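Student: Using the sequences and the hints, build the whole thing.
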Amino acid sequence: MSEQRPDLQTWAVVVVFIGLAGFVGYTLPRHETFAARESAGETATQPDEAAGGDVPADQETSAEPAGPSVGDPAGGPSAANEDEGFAPPDLADIPDDEFGRMVRLGAEIFRDTQANAPEFVGNSLQCANCHLDAGRLADSAPLWAAYVAYPAYRSKNDHVNTFAERLQGCFRYSMNGTPPPLGDQVLIALQSYSYFLAKGAPTGADMPGRGYPELAEPKNIDRAHGQEVYAQKCALCHGENGEGQTTADGRVVFPPLWGPDSFNWGAGMGSISNAAGFIKANMPLSQGNSLSDQDAWDVAAFVDGHERPQDPRFTGSVEETRKKFHDSAMSLYGIEVDGVTLGENSPPSGPRKTR
Amino acid sequence: MTESAVQTPWRAEGPALACREARTRARRTVKPALTASSLLAICFAIALPAQAADGQKIVTEGNADGAPACFACHGEHGEGQPQLGYPRLAGLDPAYIVHQLQSFAEGTRTDDTMQPIAEALSPDEREAVASFYGSAQAAKAEGEEQANDEVLAAGAMLAERGDWSKQIPGCGQCHGPAGEGVGANFPALAGQSGTYIANQLHAWKDGQRANDPLGLMTGIASKLSDDEIAAASAYYASLPVFATPSEGQKGEGQ
Chain A
491 MSEQRPDLQT WAVVVVFIGL AGFVGYTLPR HETFAARESA GETATQPDEA AGGDVPADQE
551 TSAEPAGPSV GDPAGGPSAA NEDEGFAPPD LADIPDDEFG RMVRLGAEIF RDTQANAPEF
611 VGNSLQCANC HLDAGRLADS APLWAAYVAY PAYRSKNDHV NTFAERLQGC FRYSMNGTPP
671 PLGDQVLIAL QSYSYFLAKG APTGADMPGR GYPELAEPKN IDRAHGQEVY AQKCALCHGE
731 NGEGQTTADG RVVFPPLWGP DSFNWGAGMG SISNAAGFIK ANMPLSQGNS LSDQDAWDVA
791 AFVDGHERPQ DPRFTGSVEE TRKKFHDSAM SLYGIEVDGV TLGENSPPSG PRKTR
Chain B
180 MTESAVQTPW RAEGPALACR EARTRARRTV KPALTASSLL AICFAIALPA QAADGQKIVT
240 EGNADGAPAC FACHGEHGEG QPQLGYPRLA GLDPAYIVHQ LQSFAEGTRT DDTMQPIAEA
300 LSPDEREAVA SFYGSAQAAK AEGEEQANDE VLAAGAMLAE RGDWSKQIPG CGQCHGPAGE
360 GVGANFPALA GQSGTYIANQ LHAWKDGQRA NDPLGLMTGI ASKLSDDEIA AASAYYASLP
420 VFATPSEGQK GEGQ
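If you read the sequences in order, they're chains A and B.
Each residue of the first sequence is one higher than the last, beginning at 491 in our numbering.
Each residue of the second sequence is one higher than the last, beginning at 180 in our numbering.
Quick list of in silico lysine-lysine cross-link-like pairs, DSS-like style, CA-CA up to 30 Å:
no. : chain 1 : residue 1 : chain 2 : residue 2
1   : A       : Lys723    : B       : Lys345
2   : A       : Lys689    : B       : Lys345
3   : A       : Lys723    : B       : Lys402
4   : A       : Lys813    : A       : Lys709
5   : B       : Lys402    : B       : Lys345
Distance windows between CB atoms, simulated:
no. : chain 1 : residue 1 : chain 2 : residue 2 : range
6   : B       : Ala332    : A       : Lys709    : 47 to 53 Å
7   : A       : Ile678    : B       : Glu255    : 51 to 57 Å
8   : A       : Val827    : B       : Gly286    : 39 to 45 Å
9   : A       : Ile678    : B       : Asp406    : 36 to 42 Å
10  : A       : Gln777    : B       : Glu321    : 33 to 39 Å
11  : B       : Glu240    : A       : Gln722    : 38 to 44 Å
12  : B       : Asp406    : A       : Gln777    : 20 to 26 Å
13  : B       : Glu339    : A       : Val514    : 45 to 51 Å
Away from chain A, derived, C-beta distances all over 10 Å, residues of chain B:
no. : residue
14  : Thr239
15  : Gly245
16  : Ala246
17  : Pro247
18  : Gly254
19  : Gln281
20  : Thr292
21  : Gln294
22  : Pro295
23  : Ser310
24  : Ser314
25  : Gly322
26  : Asn390
The set of hints was computed from the structure by calculation and includes no laboratory data.
These numbers come from a predicted model, not from an experiment.
All residues carry an ideal CB built from backbone N, CA and C; glycine is no exception.
Tutor: Below is the structure:
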């Protein structure tokens with residue numbers, strides 16, 4: 491450039507850009523608990539809604555919470571000081587009555603979904619594989635934070651969902667199964683369990699520890715490096731080929747991360763940003779927050795860049811399905827990886843006829 | 180062409196002659212060598228099945244390099260002596276046992292008794308004894324005092340749920356929901372000597388044992404209190420042992 495100073499045209503562009511940025515910033519929703527969340531040092535996302543490119547729109551519609559913010563549930567036994575975040579009640583506090591029996595059933599389904607809800611499951615996973623400490627652990631998509639966030643609009647299916655419908659999604663996508671019909675005892679039990687865990691939590695508030703932590707997006711993501719991370723840190727438990735590991739008589743202990751027995755393409759864990767957040771906070775098991783952010787991103791992309799059962803919303807065309815449901819850099823569905831276009835060789839979604 | 184000899188159509192000269200001479204020499208040495216090595220191979224093939232017997236031999240008699248008989252501490256069927264902290268080996272994954280023997284020899288697992296023994300075993304011998312014990316069937320050895328209900332309940336809680344306030348998963352999340360073990364790296368705990376389990380947890384905590392993949396157990400043990408160590412150990416010791424899987428039996432056994 492021979493000119494020393496920018497010309498009028500350039501100034502005009504700069505001014506308009508700054509103006510637009512200010513306008514967008516001003517119109518972003520504000521949350522009462524944002525300050526509390528910042529002081530807790532975490533920013534929670536809603537990865538249990540997002541799947542392959544859907545930007546969660548739910549955050550835009552929550553009402554201003556009137557009551558106390560997180561960590562101060564009035565009178566609840568789970569009250570913890572603000573620094574520690576929400577603490578769900580102990581399982582020993584489950585009452586010994588009809589309701590308590592339903593809560594226990596929900597806890598059992600959550601812990602061993604294979605044994606307690608087999609008619610709705612289509613793969614080898616358990617709820618507790620990705621929702622650690624039986625759905626109680628902050629930053630591991632705890633149930634108590636999800637429960638108080640519904641009913642809510644979800645861009646994933648473009649309407650307001652009840653919590654029950656949200657749970658149906660877990661079975662349809664993450665468990666690669668068939669969703670229990672509304673009113674089914676499985677859904678009632680899981681809702682009861684979630685409600686029990688959420689005792690005292692404020693409704694309509696975005697609670698710290700909800701979902702998986704949101705990592706800052708890296709400059710680039712390196713699947714080849716992710717493969718190295720996998721070999722060093724993950725294969726010990728999840729197998730050389732992501733197939734998981736079982737006891738001698740076939741009980742799955744370490745879940746498969748890809749392939750026909752894992753979550754399908756519609757599941758939230760198939761989104762690289764979700765997986766990266768989960769992995770960063772929780773993996774290797776017992777060594778959460780030991781991986782660097784970059785390693786978490788890279789290994790998440792490696793895991794999510796493998797074939798798995800088809801998206802239940804498959805239109806018949808991989809390209810079309812990607813456009814409709816996976817149009818994001820965070821999804822490798824419909825992308826060529828290692829010479830193969832993912833989604834073209836996916837086993838059909840849903841439970842296999844012969845198991 | 181020169182005049183041909185009776186046997187050959189032409190007489191080899193120069194390089195061709197050297198080649199033919201080499202081939203003749205080879206024929207004269209290779210054939211007997213092949214025969215001899217074939218005979219030797221047959222002898223080895225007959226002798227090799229004795230390797231399994233070698234495992235049993237070492238277990239009952241020790242070996243020529245000073246390794247004592249394993250059964251003296253671990254039992255003839257690998258049931259161990261739980262009250263003395265000599266672990267049960269029956270049904271453990273052979274690759275796991277081999278790794279432990281290597282660790283003893285290398286010093287990544289510290290034990291005054293096992294170190295010289297492991298060093299006295301050759302790699303083949305380690306494989307042999309591991310294979311022997313890995314497929315051994317043994318009833319649970321009694322002799323350890325069972326802990327009280329409160330301790331057992333605390334141990335059961337740790338086994339199933341862990342203590343996530345300290346980022347400790349339930350033991351069963353790696354060792355199997357019934358403590359039956361998973362693969363070569365997560366050994367069975369059900370029916371193992373409680374004294375032994377407690378000793379190992381303390382060993383990881385104190386830095387006396389450092390052969391755990393990814394340092395998983397070192398990290399976990401360092402977060403356990405003494406009471407938690409006692410509870411988890413007592414709980415697993417109280418469980419019945421699993422029948423060795425290779426025999427086709429499932430579930431809780433003897």
